[in-house]
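Trainee: Sequence:
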Amino acid sequence: MLPTKCATSTSSNSHIASFMVLQALLVEATVPYGLLPPVVMEFPWITAGGGFAGTSGESSSFRNGFFNETVNFAEIILGNGDIIRTSREEHEDLFHGAAGASGTLGLTTLMQVRLVEAKQFVKTTYHRVDSVSTAISTSKQCFEKVDVDYVDGILYSKDHGVVITGELTNIKPGDYPIRTFSNAGDLWFYLHVKEQTESLPPSATITEYIPLSEYLFRYDRAAFWVGRQGYTYFKTVPFNRFFRWLLDDYSHTRTLYHALHANRISDQFVVQDLALPYDTAEAFVD
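Residue numbering for the sequence shown is -29 to -1, 1 to 257, as defined by mature numbering (1 follows the signal peptide of the UniProt record, and there is no 0).
Note that these hints are calculated values from the structure, not bench results. The beta-carbon is built from N, C-alpha and C at its ideal position, and this holds for glycine as well. The reader is advised that the hints may include incorrect statements.
Label-pair distances were calculated between CB atoms; the ranges are [as the list claims (entries may be wrong)]: (1) N(-17) x P173: 39 to 47 Å; (2) V256 x I236: 23 to 31 Å; (3) K116 x G71: 22 to 30 Å; (4) T207 x A155: 45 to 53 Å; (5) H229 x M(-10): 12 to 20 Å; (6) G52 x S128: 18 to 26 Å; (7) V256 x T203: 19 to 27 Å; (8) Y147 x F240: 32 to 40 Å.
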């Protein structure tokens, strides 16, 4: 059996990981050293190999690129059984080609992931926007701020959107509570953001402090907002805080993923990641 995690090097700010290392284990292995992968996929059960073979863009990707762009080298087994070490200097065509190729060029078995400084909290600010155009322009402004480490956003409707920024920090003012999203009684992240911002006027902001791991995996419960579909499918179950607490074991992404396919609910929907230029994004959403 291949190991699920290997060694963290503080001298080179890197971590050697097998392809089966889960994001949760990768964070767990590196944070005690005060280090963190610059791009962490938002679901804790996604593997490092999946992030490399797929195309994984997260809220830190505006600064650090896709997950594969944080990999220094990767060991790949080819179809003929050869084991090749690839990097930007060694077999670079295979290194770049295998990233995002879904394993079609070979099986990635080992990789070295670059690390950055980790901090205790993410200072998270919700920027209320009232149109797709404003969401795009606000995002662009946030990308240019040197102290911003994370940017993502949610559009609840054409006139209610939120651009979310995060700054790594070790300092939390005493009058700010610690916000969590992993406990059964916690609101799902997307519901929490909606609740916090729906009464705010356009351009207003609100700030919270979220522990690092809670921020990184904030979308795990409900799988962004796909969990809402379970209550649509089981029409007799009310969608309220009590039943979300009661059924919390079924709200995590891994369970939802299996349930969606087992019940063939996935046949009714298409979930697609898209990368759009700024000048066409508004027209596409509208």
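Trainee: Regarding H229 and M(-10), is the given constraint of 12 to 20 Å on their beta-carbon distance met?
Mentor: holds (18 Å)
Trainee: Do V256 and T203 keep their Cβ atoms within the hinted range of 19 to 27 Å?
Mentor: holds (23 Å)
Trainee: For the hint 32 to 40 Å, verify it against the beta carbon of Y147 and that of F240.
Mentor: holds (38 Å)
Trainee: Note whether the CB distance of G52 and S128 lies within 18 to 26 Å or breaks it.
Mentor: The hint (18 to 26 Å, Cβ to Cβ) is violated, given that G52 and S128 are roughly 54 Å apart.
Trainee: Could you check the hint for me, namely that V256 and I236 are 23 to 31 Å apart, CB to CB?
Mentor: With a Cβ separation near 24 Å, V256 and I236 satisfy 23 to 31 Å, so the hint holds.
Trainee: Go ahead and decide if the range 22 to 30 Å is satisfied by the Cβ distance of K116 to G71.
Mentor: holds (28 Å)
Trainee: Tell me if the beta carbons of T207 and A155 are separated by a distance inside 45 to 53 Å.
Mentor: Given about 21 Å between the Cβ atoms, the range is violated.
Trainee: Using the beta carbons of N(-17) and P173, state whether their distance is inside 39 to 47 Å or not.
Mentor: holds (41 Å)
Hints 4 and 6, counting from the list given before, are not met by this structure.
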